[in-house]
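Generate the whole structure from the sequences, applying the supplied hints.
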Amino acid sequence: MTIISMLLPLALLLATGFILGFIWAVRNGQWDDVDTPPQRILMDDLDSEIHPRG
Amino acid sequence: MGSPLPSAQRETFKYDDSIVKKFLIATMIWGLVALLLGVFIASQLADWKLNFGISWLTFGRLRPLHTNAAIFAFAGNAIFAGIYHSSQRLLKTRMASDWMSKLHFWGWQLVILLAAITLPLGITQGKEYAELEWPIDLLITGVWVIFAVNFFRTLAIRRERHIYVAIWFYIATIVTVALLHIVNAIVIPVTLFQSYPVYAGVQDALVQWWYGHNAVAFFLTTPLLGLMYYYLPKAIKRPIYSYRLSIIHFWSLVFIYIWAGPHHLLYSALPEWAQVMGVVFSVMLLAPSWGGMINGLLTMRGAWDRVRRDPVLKFFLAAITFYGMSTFEGPLLSIRSINALAHYTDWIIGHVHGGVLGWNGFMIVAMAYYLVPRLWKTKLYSERLANIHFWTATLGIIMYLLSMWTSGITQGLMLRAVEGSRLMYPDFMETVIRLIPLYYVRAIGGSLYLLGYCLFLVNMIKTIRSAPKNIEDDVYTATPMGPFKHDFETENSHRFLEGSANIFIAYTVIAVLVGSVIEIVPTLDAHRYIKIPDSKKPYSPLELQGRDIYVREGCYNCHSQMIRPLKAEVMRYGPFSKPEDSVYDHPFQWGSKRTGPDLANLSGKYPDSWHYYHMKDPRLVTPKSIMPAYPWLYKNKTDMDSLSKKLRVMQQLGVPYTDEQVQNAVELAETQAKGIATTLETQGVPKVSDSKEIIALIAYLQTLKPLELP
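As they're listed, the protein sequences go chains U and S.
Read left to right, the first sequence gives residues 3 to 56 (the working numbering).
Read left to right, the second sequence gives residues 12 to 721 (the working numbering).
Heads up, a few of these hints could be off.
Unchecked claim - Residues on chain S that point at chain U, a partial pick, calculated with CB under 8 Å:
id	residue
1	Leu101
2	Phe163
3	Ile174
4	Pro244
5	Thr421
6	Phe495
The hints are simulated quantities; they were obtained by calculation from the structure and are not laboratory data.
Please read all numbers here as calculations on a predicted model, not as lab measurements.
Note that the Cβ used here is the ideal one computed from N, Cα and C, for glycine as well.
Now the structure itself:
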């Protein structure tokens with residue numbers, strides 16, 4: 003199963019990447035507010051000065 | 012978001028919607044192709060004559076095209092359409108580069124076109140959903156890199172600081188698919204049209220299903236979940252039920268999915284610990300998956316009257332329900348005792364179609380019904396037609412799933428039925444005949460789904476036709492994103508750990524997952540090396556050539572070469588397969604479905620002449636067989652030109668060929684072919700030509716034998 007010695011580090015690397023992404027997101031305050039973002043996506047059309055149809 | 016800032020600070024921009032339109036139209040076209048192919052090959056299993064005796068229309072060659080078209084052409088283009096549309100809006104910026112978007116689009120269509128040409132010609136790597144040959148694999152890599160660069164540059168120039176959860180799903184998709192594709196596609200080319208993977212046997216199997224399972228996870232699930240988190244709230248005009256849950260859904264999913272691959276290899280020659288890991292993680296997947304499903308369904312709570320009327324919402328509801336069903340069925344099928352019954356049967360085919368037709372297909376059409384009128388600034392041509400589409404397609408899926416569940420369980424039960432010390436159905440054909448009516452039902456179910464899809468296309472064409480002549484892109488404004496300042500001074504620096512409970516939970520989950528994986532590592536060494544006994548000889552040049560024909564014809568789409576250590580299986584086929592059996596198999600051909608019997612212990616079961624007649628027309632020796640006939644193998648000459656090169660590549664990959672064997676490959680092959688031709692003649696076959704492909708194939712088939720270990 004020599005292949006494991008390649009797959010496992012790769013998978014761990016990927017996991018590490020995700021963990022770093024996660025840490026970045028937390029420190030960046032991405033989830034300090036989890037109430038407005040889901041609302042905001044509904045308003046992205048209204049937010050503009052020219053209101054598109056639809 | 013509050014009152015707008017002074018307009019001096021605001022920037023004006025337009026979104027690139029033309030790229031979205033392109034991908035949407037490609038989605039519609041390729042979806043039709045994928046479904047037509049599906050119905051066509053489904054009908055071939057009901058009636059084998061439907062391949063019309065044409066090599067490039069046979070099941071083994073078209074099934075890979077069907078799966079690739081459904082996954083990469085239909086779902087692929089739809090995902091790109093959704094990502095380009097929603098990301099621009101979520102990030103409040105146009106894509107970083109229009110020409111990169113275009114390159115991505117045309118590059119991807121070229122990949123699909125090349126797939127549509129090469130796969131029917133039998134140009135394949137012989138690994139499921141990764142069949143495309145190395146030049147196309149390179150092209151895919153290039154196109155994916157362009158996509159990734161464009162996407163991340165767009166992310167960098169965004170005007171909205173918060174990265175909405177959908178974007179996270181897209182990021183995971185882009186990164187993981189790149190990794191999976193590259194690792195699984197490492198090969199050594201022999202010619203422009205052929206290559207051998209660097210992995211063999213068990214190793215190849217593990218890489219392949221690590222890829223294969225995650226293709227389902229990161230190509231057919233995470234991007235579509237991202238789309239769900241954007242388009243469902245937009246369509247229903249209310250926020251997602253729980254944004255917190257969606258974040259937890261995302262993080263737990265990405266950390267668990269990657270380990271579930273080995274559930275495709277239960278009871279195989281894969282080491283036990285790897286199988287157990289696959290099972291544990293697969294069962295764990297139920298939690299985040301259902302979290303996502305519940306989040307989607309609860310977003311619709313209290314709006315059921317609108318769901319009843321609006322076809323877009325109806326498709327969303329059904330899609331999310333199918334997601335829940337598939338993600339319940341998946342962990343169930345990963346449980347060893349259930350897997351023992353279901354693996355290699357049509358139950359798995361039912362499972363994946365619940366996912367692709369129900370979850371992906373419905374998500375995609377829901378998105379199209381939502382997007383097309385908005386992008387073309389018009390109204391949907393007919394809601395009624397969309398409703399008819401919904402009911403036809405749903406009925407089609409139900410027929411599909413019911414027939415395949417029945418078929419799978421019937422086949423599983425019949426093949427394992429043992430009475431005392433003998434099999435109750437020793438003749439494999441008995442089980443095949445029992446399934447044929449179900450194959451008809453499946454073909455009808457698929458046709459209904461296709462019919463619904465055609466109604467969808469009519470609706471889309473009419474809608475687009477009714478669009479106003481000159482559509483101007485809307486102009487948007489937003490303030491640029493300012494630098495981020497964290498208030499560390501006033502707050503404890505551990506704040507980001509303790510600040511919110513869900514973040515802390517997520518950290519804990521990650522820690523546990525990584526920890527448990529690291530714990531497994533030390534157990535690896537014990538299993539690291541397979542001792543290859545001296546009695547294990549590599550394939551002779553002619554056998555290798557025959558094996559390439561086996562791969563080319565896609566026999567693995569109907570046959571397995573992996574006998575599991577289960578009582579009925581050992582009684583039926585012989586000693587179970589061991590890792591040593593396939594150490595020289597680049598690529599492995601364990602297969603995943605037994606429409607025909609397992610072939611791992613075929614050697615010596617029949618005389619050469621039996622195979623000679625069987626391959627010419629299986630009905631000659633096995634009445635009622637549904638296996639295709641292969642008359643061209645009796646006309647085509649065995650390709651001897653690249654034989655030495657093939658052996659050389661194999662040698663580089665560590666297969667113990669001597670230099671003499673490599674140099675004399677052609678003579679060795681010719682001598683062996685003459686021998687087989689003589690044998691055939693003594694067995695009463697008239698007029699045998701030793702230069703034809705059938706001779707090489709027979710040579711290969713007669714080598715398939717589990718190694719006898721001391």
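Practice task
Starting from the hint list further up, note which numbers the structure goes against and sort them upward.
Solution key: 2 and 5
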